[in-house]
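Line by line, the protein sequences are chains R and C.
Just so you know, the numbering used here puts 205 at position 205 of the first sequence, and the rest follows in order with no gaps.
Just so you know, the numbering used here puts 465 at position 210 of the second sequence, and the rest follows in order with no gaps.
Calculated from the structure, these hints are not laboratory results.
Be a bit skeptical, because a hint or two may be false.
Quick list of the computed label-pair ranges, beta carbon to beta carbon [as the list claims (entries may be wrong)]:
#1 C:P424 x R:A198: 39 to 45 Å
#2 C:Q375 x R:G128: 55 to 61 Å
#3 R:V55 x C:P482: 25 to 31 Å
#4 R:Q120 x C:P424: 44 to 50 Å
#5 R:A165 x C:P367: 52 to 58 Å
#6 C:P421 x R:I27: 44 to 50 Å
#7 C:P367 x R:R66: 28 to 34 Å
#8 C:E317 x R:G145: 22 to 28 Å
#9 C:D417 x R:R167: 43 to 49 Å
#10 R:K111 x C:T418: 54 to 60 Å
#11 R:P213 x C:Y365: 24 to 30 Å
#12 C:V310 x R:R212: 39 to 45 Å
#13 C:A509 x R:G128: 26 to 32 Å
#14 C:A420 x R:A250: 37 to 43 Å
Pulled from the structure, derived: some chain R residues nowhere near chain C, Cβ distances all over 10 Å [what the hints assert, rightly or not]:
#15 A44
#16 D54
#17 Y67
#18 T243
Glycine included, each C-beta is placed from N, C-alpha and C at the ideal position.
Number of protein chains: 2
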Amino acid sequence: MADPAPAPTAAVLVIGNEILSGRTQDINLRFLAQRLGERGIRLAEARVIPDIPDVIVATVNELRARYDMLFTTGGIGPTHDDITSECIAAAFGVPWEPHPEAWARMERSYKPGEFNPARQRMATMPRGASLIENPISTAPGFTIGNVHVMAGVPRVMQAMFDTLAPRLPGGTPIAARAVHALGASEGRLAEPLAAIAARYEELDIGSYPFYRPGGNGVAIVAKGLDPALLEAAIAEVTALFATLGYAPVAGEPAA
Amino acid sequence: MADPAPAPTAAVLVIGNEILSGRTQDINLRFLAQRLGERGIRLAEARVIPDIPDVIVATVNELRARYDMLFTTGGIGPTHDDITSECIAAAFGVPWEPHPEAWARMERSYKPGEFNPARQRMATMPRGASLIENPISTAPGFTIGNVHVMAGVPRVMQAMFDTLAPRLPGGTPIAARAVHALGASEGRLAEPLAAIAARYEELDIGSYPFYRPGGNGVAIVAKGLDPALLEAAIAEVTALFATLGYAPVAGEPAA
Numbered sequence: 001m002a003d004p005a006p007a008p009t010a011a012v013l014v015i016g017n018e019i020l021s022g023r024t025q026d027i028n029l030r031f032l033a034q035r036l037g038e039r040g041i042r043l044a045e046a047r048v049i050p051d052i053p054d055v056i057v058a059t060v061n062e063l064r065a066r067y068d069m070l071f072t073t074g075g076i077g078p079t080h081d082d083i084t085s086e087c088i089a090a091a092f093g094v095p096w097e098p099h100p101e102a103w104a105r106m107e108r109s110y111k112p113g114e115f116n117p118a119r120q121r122m123a124t125m126p127r128g129a130s131l132i133e134n135p136i137s138t139a140p141g142f143t144i145g146n147v148h149v150m151a152g153v154p155r156v157m158q159a160m161f162d163t164l165a166p167r168l169p170g171g172t173p174i175a176a177r178a179v180h181a182l183g184a185s186e187g188r189l190a191e192p193l194a195a196i197a198a199r200y201e202e203l204d205i206g207s208y209p210f211y212r213p214g215g216n217g218v219a220i221v222a223k224g225l226d227p228a229l230l231e232a233a234i235a236e237v238t239a240l241f242a243t244l245g246y247a248p249v250a251g252e253p254a255a
Numbered sequence: 256m257a258d259p260a261p262a263p264t265a266a267v268l269v270i271g272n273e274i275l276s277g278r279t280q281d282i283n284l285r286f287l288a289q290r291l292g293e294r295g296i297r298l299a300e301a302r303v304i305p306d307i308p309d310v311i312v313a314t315v316n317e318l319r320a321r322y323d324m325l326f327t328t329g330g331i332g333p334t335h336d337d338i339t340s341e342c343i344a345a346a347f348g349v350p351w352e353p354h355p356e357a358w359a360r361m362e363r364s365y366k367p368g369e370f371n372p373a374r375q376r377m378a379t380m381p382r383g384a385s386l387i388e389n390p391i392s393t394a395p396g397f398t399i400g401n402v403h404v405m406a407g408v409p410r411v412m413q414a415m416f417d418t419l420a421p422r423l424p425g426g427t428p429i430a431a432r433a434v435h436a437l438g439a440s441e442g443r444l445a446e447p448l449a450a451i452a453a454r455y456e457e458l459d460i461g462s463y464p465f466y467r468p469g470g471n472g473v474a475i476v477a478k479g480l481d482p483a484l485l486e487a488a489i490a491e492v493t494a495l496f497a498t499l500g501y502a503p504v505a506g507e508p509a510a
């Protein structure tokens, strides 16, 4: 297979005090990680930061410069602690102003008199932003430059990402193959596994112990762009499991 | 109440390709966020990075310089993709060498001949590290400087943190009070809520819409060091809910 182009890179920035206080379990990172991988986009880093303007501005500028794409979640609602949108404008050095299309859509969605100043903030965006549709609750996200600004509520974020996804530059999807064995011990298989991993340096081969009601063991997951290489590496790991007296099973262990 | 000393700050660094690929849902961040808050330690930032040596070294050095404490999870097992420990040694510029006490403990825990080179790596640490007990599976974590290095498996990480916690410098515990109302709309309460938040600038007042089988609504959470201020702020929010025609309920909505 010809050398594929390097995968585009991305970072995820989760913005919200509620994640850093432990009030809320973030589930947006995993969703985005999976969807980006399916599209051949390499998620290189994720950060969680608080609702502090200087921190948001500096982190957005650092990450948008370092990676091909930046996805933010959180902080675009109507309340005083929703400050992501104006911070993105500050990061880009552009005015934060009513977005005509967002404004029109939102105004239509409220009864007369209910599109109040707080709700109008959700139609106020950095100049030059293009909208990310929100099929759940109207108030759109937006894209400016290589930064995609989405809601924090998982159902809304997921719907936004799915409308955005076709516009993203993609790469060769990252494929994965796995094999696992009950009763396997990482300490016993580590050395021969390292030798296999060294022979397949184009692949990312990970070893993951699991602890499940059905029994403990180890799963080996190989990821990469070339399916034939993946099959070959997993065949070697399968043979290694058998040599060590474990019964290899294709795929990941059932939850 | 006298002005409290500023809370010590912390960062959490989650190390592992499996989080960035979406294979694994991280639950360590939330656990650490909650426990740190209970001890009066302000979690200022969290990052998720891949198993790449240069990235680990650079990120550890950035975060340990910026915050009072750094907690890492992941990458201290016996396999080739477990590289956190040697990267921490590189970050501190110290040798990575057998830790006598960790070595003795681990050697005792295996049958003769089974403490192989892969397992010996788990007893190899940066010079000067002090151990963090592992009551679950023996192989210890460690502390060096202000960096606390723990396992990625949640059950092991949690047990490690609980043995470590009494040694951490603490602050005044961060207290929280909450009130919520079914049927409440952020867009209606945002403006008067912002006025309350502006009057209690020592507090962190957050607004969180919820979508539950029992009904949708909004929860307002106030956090801070002074319980009397928290009570006063939540009383004002409770009155605001009532003014808007919502039925306020103390605390957070049931899951």
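Now the hints, each set against the structure:
| no. | hint | in the structure |
| --- | --- | --- |
| 1 | C:P424 x R:A198: 39 to 45 Å | holds (42 Å) |
| 2 | C:Q375 x R:G128: 55 to 61 Å | holds (57 Å) |
| 3 | R:V55 x C:P482: 25 to 31 Å | holds (27 Å) |
| 4 | R:Q120 x C:P424: 44 to 50 Å | holds (45 Å) |
| 5 | R:A165 x C:P367: 52 to 58 Å | holds (56 Å) |
| 6 | C:P421 x R:I27: 44 to 50 Å | violated (32 Å) |
| 7 | C:P367 x R:R66: 28 to 34 Å | violated (50 Å) |
| 8 | C:E317 x R:G145: 22 to 28 Å | holds (24 Å) |
| 9 | C:D417 x R:R167: 43 to 49 Å | holds (46 Å) |
| 10 | R:K111 x C:T418: 54 to 60 Å | holds (57 Å) |
| 11 | R:P213 x C:Y365: 24 to 30 Å | holds (26 Å) |
| 12 | C:V310 x R:R212: 39 to 45 Å | violated (31 Å) |
| 13 | C:A509 x R:G128: 26 to 32 Å | violated (43 Å) |
| 14 | C:A420 x R:A250: 37 to 43 Å | holds (42 Å) |
| 15 | A44 | violated (7 Å) |
| 16 | D54 | holds (12 Å) |
| 17 | Y67 | holds (12 Å) |
| 18 | T243 | holds (15 Å) |
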